[in-house]
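J.: Work out the full structure: start from the sequences and follow the hints.
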Amino acid sequence: MQARLLPIESVFNRFPRMVRDLARQDGKAIAFVLEGGETGLDRSVIDEIGDPLLHLLRNAVDHGVETPAERLAAGKPAEARAVLSARQAENRIIISVEDDGRGVEPQRMRDAAVRKRLLTAGAASCYIAAVRSGSAELGLIVDGLIGEQEVVIKPMTGMVGRTAGVAGTTILGDRRVSIIVDVPKVVEWLARGAVGGAHAARAARCGRDSVMSELPSAVLPLSPQETARLHVLCDAAVENISHGLTEMFGATMRVTALNVRSVPLSQAGNLLGDPELEVIGIYLAAQGAFSAHLLLLLELPVARQLCDILLEQPPDATQALSDLDLSALAEMGNIAGSFFLNSLAENLDRRIMVTPPEVLHDMAGAAIATVLLDVAAATDAAIVIDAGIEHEGRRLPAWFLTFPQPDDLQELLRTPAEGAR
Amino acid sequence: MTAAVDLVIPVGLGELRVVASEAAMLLALGLGSCVGVALWDAQARVGGMAHVVLPAPLSDSDPASAKFATAAVPELLRQVVAAGGQPARLRCAIAGGADVLSSGTLKHTFNIGVRNTSAVLEELTRAGVQPAAQDCGGRSGRSFRLSVLDGRAAVRRLDQDWQELCP
Numbered sequence: 001m002q003a004r005l006l007p008i009e010s011v012f013n014r015f016p017r018m019v020r021d022l023a024r025q026d027g028k029a030i031a032f033v034l035e036g037g038e039t040g041l042d043r044s045v046i047d048e049i050g051d052p053l054l055h056l057l058r059n060a061v062d063h064g065v066e067t068p069a070e071r072l073a074a075g076k077p078a079e080a081r082a083v084l085s086a087r088q089a090e091n092r093i094i095i096s097v098e099d100d101g102r103g104v105e106p107q108r109m110r111d112a113a114v115r116k117r118l119l120t121a122g123a124a125s126c127y128i129a130a131v132r133s134g135s136a137e138l139g140l141i142v143d144g145l146i147g148e149q150e151v152v153i154k155p156m157t158g159m160v161g162r163t164a165g166v167a168g169t170t171i172l173g174d175r176r177v178s179i180i181v182d183v184p185k186v187v188e189w190l191a192r193g194a195v196g197g198a199h200a201a202r203a204a205r206c207g208r209d210s211v212m213s214e215l216p217s218a219v220l221p222l223s224p225q226e227t228a229r230l231h232v233l234c235d236a237a238v239e240n241i242s243h244g245l246t247e248m249f250g251a252t253m254r255v256t257a258l259n260v261r262s263v264p265l266s267q268a269g270n271l272l273g274d275p276e277l278e279v280i281g282i283y284l285a286a287q288g289a290f291s292a293h294l295l296l297l298l299e300l301p302v303a304r305q306l307c308d309i310l311l312e313q314p315p316d317a318t319q320a321l322s323d324l325d326l327s328a329l330a331e332m333g334n335i336a337g338s339f340f341l342n343s344l345a346e347n348l349d350r351r352i353m354v355t356p357p358e359v360l361h362d363m364a365g366a367a368i369a370t371v372l373l374d375v376a377a378a379t380d381a382a383i384v385i386d387a388g389i390e391h392e393g394r395r396l397p398a399w400f401l402t403f404p405q406p407d408d409l410q411e412l413l414r415t416p417a418e419g420a421r
Numbered sequence: 001m002t003a004a005v006d007l008v009i010p011v012g013l014g015e016l017r018v019v020a021s022e023a024a025m026l027l028a029l030g031l032g033s034c035v036g037v038a039l040w041d042a043q044a045r046v047g048g049m050a051h052v053v054l055p056a057p058l059s060d061s062d063p064a065s066a067k068f069a070t071a072a073v074p075e076l077l078r079q080v081v082a083a084g085g086q087p088a089r090l091r092c093a094i095a096g097g098a099d100v101l102s103s104g105t106l107k108h109t110f111n112i113g114v115r116n117t118s119a120v121l122e123e124l125t126r127a128g129v130q131p132a133a134q135d136c137g138g139r140s141g142r143s144f145r146l147s148v149l150d151g152r153a154a155v156r157r158l159d160q161d162w163q164e165l166c167p
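Residue numbers (the numbering used here), protein chains in the order written: chain A, 1 to 421; chain B, 1 to 167.
Computed spacing ranges between beta-carbons, pair by pair: (1) A:L56 to B:S102: 55 to 65 Å; (2) B:P63 to A:G144: 51 to 61 Å; (3) A:Q410 to B:A64: 21 to 31 Å.
From the structure, some residues in chain A lie toward chain B, with a derived Cβ separation under 8 Å: (4) L265; (5) G269; (6) E276; (7) E358.
Note that these hints are calculated values from the structure, not bench results.
C-beta atoms are modelled at their ideal positions from N, C-alpha and C, and glycine is treated no differently.
T.: Here it is, written out as C-alpha cells:
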C-alpha cells in the first residue's frame, strides 16, 4: 500500500502559478498558501484530483474573491488570502480550498437560478436539499438546512410502522428524536406522477413538447379504516403473487411497494406521469362475481430487462422484443395478475374468471384509458392499487395497476378482518 | 410553422375544454379507444376539445357527463358558440377511436374504438357539423392537439412527429 502513496505536493505545485495568473487577469490581489503538501495520497487519486481542485480554485479566484477596491470598501485588507490544504484525519484525507472572499451569497444564487428558470420565484425563497436515489437527482424544498450527520436508522413499529415516505427514526446527539424521510420512496412517488415535477422532468427527458398538467391527486374517498383494510387485503394478495412468481420462474421475484389511492378519471391517463410514455402493458380482467381490471405496465427498457430474467438470458441480451419475449411477459403478468385477483376474490368466498392476458405496446394513456372503461362508465374516480416489482432485491420500475369495480370494492371492504372471522 | 403558444391546456379523460385565446393549444395526450373532438372558429379565435371515453351513458351514470359522446358533442358546440364562435364558420376534426385491445373477450371493450367513433360522428351529424378531417381507428394510440391561433389540428403517434390533419 505504502508504495503507491505520493505526496499531494505533486498536484498542489501546479496551482500557485495558475492562481497568480488568474488573479492578475481579473485585477485581484491574492496571497496563495499551500499547506500539508507532504500528505500522502494514492497515486490513482493524485491523477484524478487535479481537475476538480483546479475548478474549485478557479471558482474561488473568479467569483469568491473581490477586487482590492471592493475589499477595501468592505473593510477587508486589499490582498485576499486563499489556502489550499491537505491533512489526514483517521482514514480520510481532507483537502480544502478556503478563501476570505465574499463567498456564495444565497440570494445571488437564487436570483441566478430563477433567471435560468431552474427555480420558480416562489421556490427560490425556500431552502432546497438535493437528494439522490439511483440515477434520479432532485431537489426537495425544505424549511431550513441544519447540517449533515451520520445516523443509525431505527425502524418504526406498531401503529406507525407502515408510514409511507418515512424510512425510520433516529436519536440525535441531544437526545431528540428525528424522523427520517425515505428518499427512494419520495423519488418513486415523483416518478409515478404523484407530484408535478416528475412529469416535467420526464417530458424534458423525452425532449417532447408535453405539458405540465395537474397530476393524480392522492385524495381518497375511502375512510382511513377502509384504506387500512384495503392495504391488508392487498398485502395478502401480493404475498400470494410473490409465491406464484417465485414458483413459476425460480427467481426471487416479488411484487412490492403497494400503494392505494383514488384518481379522478380526468387524470387517469397521467398515472405514470406522461400519458405518451411508450409502454408494454399486460392486461387481465376478473369477471364474474368480482370484477376488476388489472394492467401491468413496463417501460421498454424494463420490459427487456424482465425478458432477460424470465428467459434466463444474460443481462442486456434482449433487444427488440420477439414474440417469445412478449409471451414470457404475458405469462408473468398472467400469473401475477391471476394470483392477485383470485386472492382478492377469495375474501368474498367467490370464484372468478380471469381473462387470458393481452399484451399491448402503446402509449401509457391509451392503455390505461381502455382498461378503465368499465369503471369509467359508472364513476368519475378510480381506486388504483399500484405496486412495483422486485427481483433479487433490485427494484424494477413497473406499474401494477388494479381498477376494481366500485360496487365490488365496497363489498370487499365490508368483509371482516382476519381475526373476526 | 409552430405558432407561439403560451397556454397549453390538457384535456383529460372525459373532460371538455373551451378557450377564447389565440395563444392556447388544446391537447389530449395518449388517446386510445377514446375520441378527441376538436371544434373551432379560427376567425373568432375560439376553440374547444372534448375527450370522449364512451359512446353513451349506462342506466346508472350521469347522462350529462362529457365522458359520453351523446353529451360531449352538443355541449362542446354550445360552449364554443357561447364563447363567440360563429356556427357557420365552425370547423371540426376528430381523432382516436383505436382498438387497443385485440381480443374482444370483454363486452365493454369489444370494438369500443369503432363504437366511440361512430357515436361521435352520429352526434356531429345531429348537430349539423361535418368534420373537416378525421384520423380514427387502427390499433394504436395517438395524441391530438388543436392550436387555436391558426386552427390547425394535428395528431402524433408513438415515435412520430405531429402530422397536420387539416389542409
